[in-house]
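Q: Start from the sequences and build out the full structure, keeping to the hints where you can.
Letter by letter, the chains look like this.
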Amino acid sequence: MRRFLFGFLTVLTLFSCSSHLFVSQINTTSNSIIDSSVGRDSAIESLVKPYRDSISTIMNKLVCVTATPFIKGKPESKLTNLVADIILNCGIDYCRQNKLEIQPVASYVNYGGLRASLPQGEITVGHIFELMPFENEIVLIKISGESIEKMAEKVAGRGGEGVSGLKIGIQGGSLKTLKINGKDVDRTSSYWLVTNDYIANGGDQMNMFLDPLEKIETKQKIRDYLIQSLGEIYKKNGVIDVKLDGRIYNEQ
Amino acid sequence: MGEYIMSNRRTFLKQTILGCSALSFGLFPEELFASGELIRLTIMHTNDMHCHIDPFPADHAEYPGKGGLVRIASIISKTRKENPNLLVFDGGDMFQGTPYFNYFKGEIMTELMSKIGYDAGTIGNHEFDNGLSDILMAIKKAKFPLVSSNYDFSDTILNGFVKDHHIIEKGGIKVGIYGLGIELDGLVGKSNYGKTIYNDPLQTALKMEAVLKNDYHCDLVIALSHLGLSYEHNKISDKSLAPQTKFTDLIIGGHTHSFVDKPIVLNNALGKSIIVNQVGWAALEVGKIEFILDHSGKKKEIITTIRNS
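Chains as they are written, first to last, in my numbering: chain A, 1 to 252; chain B, 1 to 309.
Derived from the structure by calculation, the hints contain no laboratory data.
Backbone N, C-alpha and C fix where the C-beta goes; we use that ideal spot for every residue, glycine too.
It is possible that some hints are incorrect.
[As the list claims (entries may be wrong)] Over 10 angstroms on every C-beta distance to chain A, these chain B residues come out as not near it, computed from the model: (1) GLY65; (2) ILE168; (3) VAL211; (4) TYR231; (5) GLY271.
[Unchecked claim] Calculated lysine to aspartate or glutamate pairs in the DMTMM-like style (CA-CA distance at most 25 angstroms, straight line): (6) B:LYS195 <-> A:ASP211; (7) B:LYS239 <-> B:ASP185; (8) A:LYS179 <-> A:ASP85; (9) A:LYS74 <-> B:GLU62; (10) B:LYS213 <-> B:ASP200; (11) B:LYS78 <-> B:GLU169; (12) A:LYS215 <-> B:ASP185; (13) A:LYS154 <-> B:ASP185; (14) A:LYS61 <-> B:ASP59; (15) A:LYS150 <-> B:ASP185; (16) B:LYS140 <-> A:GLU45; (17) B:LYS143 <-> A:GLU45; (18) A:LYS61 <-> B:GLU62; (19) A:LYS49 <-> B:ASP54; (20) A:LYS142 <-> A:ASP186; (21) B:LYS141 <-> A:GLU45; (22) B:LYS81 <-> B:GLU111; (23) B:LYS143 <-> B:GLU111; (24) B:LYS190 <-> A:ASP211; (25) A:LYS235 <-> B:ASP59; (26) A:LYS221 <-> B:ASP185; (27) B:LYS195 <-> A:ASP197; (28) B:LYS78 <-> A:GLU137; (29) B:LYS78 <-> B:ASP261; (30) A:LYS154 <-> B:GLU183; (31) B:LYS195 <-> A:ASP204; (32) B:LYS195 <-> A:GLU137; (33) B:LYS141 <-> A:GLU135; (34) A:LYS74 <-> A:ASP85; (35) B:LYS105 <-> A:GLU135; (36) B:LYS235 <-> A:ASP204; (37) A:LYS142 <-> A:ASP211; (38) A:LYS49 <-> B:GLU107.
A: In structure tokens:
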């Protein structure tokens, strides 16, 4: 009986021992950088190929040619300015085509919404997809001057974003100067602003856009408009470049 | 019977001493792995791949010719040959970022990741970009589960399709996995997440790690997190969560697109080591962490980072 008990206890001990594992060592490795020295996996490559081939024709289509790289930056940058200007134009175009007696005066592009920079040289549809992968649409909102001010405060607090029609001076992370179309903002007046549906629905903490006085959903995809618009600008004016115009600047 | 026990005991003692001396040098003789005394588990992980299946184009302004899941696949396959005890995880935001997503939706990612042999993933904010139906389609295409413990999908079409925890037995090691998603309000359009309920990540993590450790007796507990590595303001992140946990061994992160060079070692609430890692975005990097487990219960020992050339 004692022998049995001893054996039983030992089996228990052995069992509990073997059922638990403990970490005795952790080997961390510096994160591997994936560059051209890493080959492609042939099985995955053959799985991807039919997908890739079916979209490559569309993606390789030329949109325009740029004079310099358009890299996004703060407080302003060629890329944020270009996209904000095009989006404002889209709003203006929409109103004209639909014979609306509305004049959008400003636009706002969320910095995080621009997902890639544009290289110098030939820009293809694929590049625009990388810049603007989202299926976002253009939305026009009529908001108070007070809301314009709140938006500018957010932009200033973030060190700059994409705007058009506005001049924003930042001091110590706060809004110092604000002009709309070269004039002071009238807090009690209202303005038409062009942005995207994600932002108009309060995305990126832009709560001041949530209850606009009026709202027009154009159903116009931003990416499609960018492709169309950049193509037209290139056809009309040749190689695309923009100058930084100090629309967002840091004040001393 | 008695003799049998004694012989076992002698072997046990001998191996323990061997284990101790090996530990003090920080190296284990290969025989210990061969005899099953020690088990080596390799974890590889990605996050925020954003459909970067192919490398960036050669003329890309920031990452010319770099990255690509097609390349990560070959590293994973090579590592698997070196050690079949390999688990592969993803920290969310597989979707959105290249035309593959616009034309073939999120399911192209879960199809490829299944072929590569991913073991589990979690749900990032961009997984919601085409609404819940796209997540459902991607899950149906996947041969691995999406794990999310703090999103409650009960009142949505995803009810029953997303796991709140997942347990994998690999090479005799029981690995428990839970998933943490970021607050959706203000980040994802309301119409895209519908009736998904966001629960507090910290409370969820503490509950899940205890369940996996104490109820399911997992040897290793891993969090797949899309909370973000750290923030300047007081927002829950992997770095603020890790010191409050007790049983989580590894947090595989995402969302902030952070390049950290090497995995970060922190102390948890019990003073034990917890690893936090994140590998940027766009399949530009892949992470690798190796756990060596044994039966002795020796204190955790962290070995210096192995440098990749």
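Q: Hints first: check each against the structure and report whether it holds.
A: So, going through the hints one by one against the coordinates:
{"no.": "1", "hint": "GLY65", "result": "violated, 5 angstroms"}
{"no.": "2", "hint": "ILE168", "result": "holds, 14 angstroms"}
{"no.": "3", "hint": "VAL211", "result": "holds, 17 angstroms"}
{"no.": "4", "hint": "TYR231", "result": "holds, 13 angstroms"}
{"no.": "5", "hint": "GLY271", "result": "holds, 14 angstroms"}
{"no.": "6", "hint": "B:LYS195 <-> A:ASP211", "result": "holds, 22 angstroms"}
{"no.": "7", "hint": "B:LYS239 <-> B:ASP185", "result": "holds, 22 angstroms"}
{"no.": "8", "hint": "A:LYS179 <-> A:ASP85", "result": "holds, 16 angstroms"}
{"no.": "9", "hint": "A:LYS74 <-> B:GLU62", "result": "holds, 17 angstroms"}
{"no.": "10", "hint": "B:LYS213 <-> B:ASP200", "result": "holds, 20 angstroms"}
{"no.": "11", "hint": "B:LYS78 <-> B:GLU169", "result": "holds, 21 angstroms"}
{"no.": "12", "hint": "A:LYS215 <-> B:ASP185", "result": "holds, 21 angstroms"}
{"no.": "13", "hint": "A:LYS154 <-> B:ASP185", "result": "holds, 18 angstroms"}
{"no.": "14", "hint": "A:LYS61 <-> B:ASP59", "result": "holds, 15 angstroms"}
{"no.": "15", "hint": "A:LYS150 <-> B:ASP185", "result": "holds, 20 angstroms"}
{"no.": "16", "hint": "B:LYS140 <-> A:GLU45", "result": "holds, 22 angstroms"}
{"no.": "17", "hint": "B:LYS143 <-> A:GLU45", "result": "holds, 19 angstroms"}
{"no.": "18", "hint": "A:LYS61 <-> B:GLU62", "result": "holds, 22 angstroms"}
{"no.": "19", "hint": "A:LYS49 <-> B:ASP54", "result": "holds, 10 angstroms"}
{"no.": "20", "hint": "A:LYS142 <-> A:ASP186", "result": "holds, 14 angstroms"}
{"no.": "21", "hint": "B:LYS141 <-> A:GLU45", "result": "holds, 18 angstroms"}
{"no.": "22", "hint": "B:LYS81 <-> B:GLU111", "result": "holds, 22 angstroms"}
{"no.": "23", "hint": "B:LYS143 <-> B:GLU111", "result": "holds, 8 angstroms"}
{"no.": "24", "hint": "B:LYS190 <-> A:ASP211", "result": "holds, 15 angstroms"}
{"no.": "25", "hint": "A:LYS235 <-> B:ASP59", "result": "holds, 23 angstroms"}
{"no.": "26", "hint": "A:LYS221 <-> B:ASP185", "result": "holds, 23 angstroms"}
{"no.": "27", "hint": "B:LYS195 <-> A:ASP197", "result": "holds, 20 angstroms"}
{"no.": "28", "hint": "B:LYS78 <-> A:GLU137", "result": "violated, 43 angstroms"}
{"no.": "29", "hint": "B:LYS78 <-> B:ASP261", "result": "holds, 21 angstroms"}
{"no.": "30", "hint": "A:LYS154 <-> B:GLU183", "result": "holds, 20 angstroms"}
{"no.": "31", "hint": "B:LYS195 <-> A:ASP204", "result": "holds, 20 angstroms"}
{"no.": "32", "hint": "B:LYS195 <-> A:GLU137", "result": "holds, 23 angstroms"}
{"no.": "33", "hint": "B:LYS141 <-> A:GLU135", "result": "holds, 23 angstroms"}
{"no.": "34", "hint": "A:LYS74 <-> A:ASP85", "result": "holds, 16 angstroms"}
{"no.": "35", "hint": "B:LYS105 <-> A:GLU135", "result": "holds, 12 angstroms"}
{"no.": "36", "hint": "B:LYS235 <-> A:ASP204", "result": "holds, 15 angstroms"}
{"no.": "37", "hint": "A:LYS142 <-> A:ASP211", "result": "holds, 9 angstroms"}
{"no.": "38", "hint": "A:LYS49 <-> B:GLU107", "result": "holds, 16 angstroms"}
In summary, the numbered hints that this structure violates are 1 and 28.
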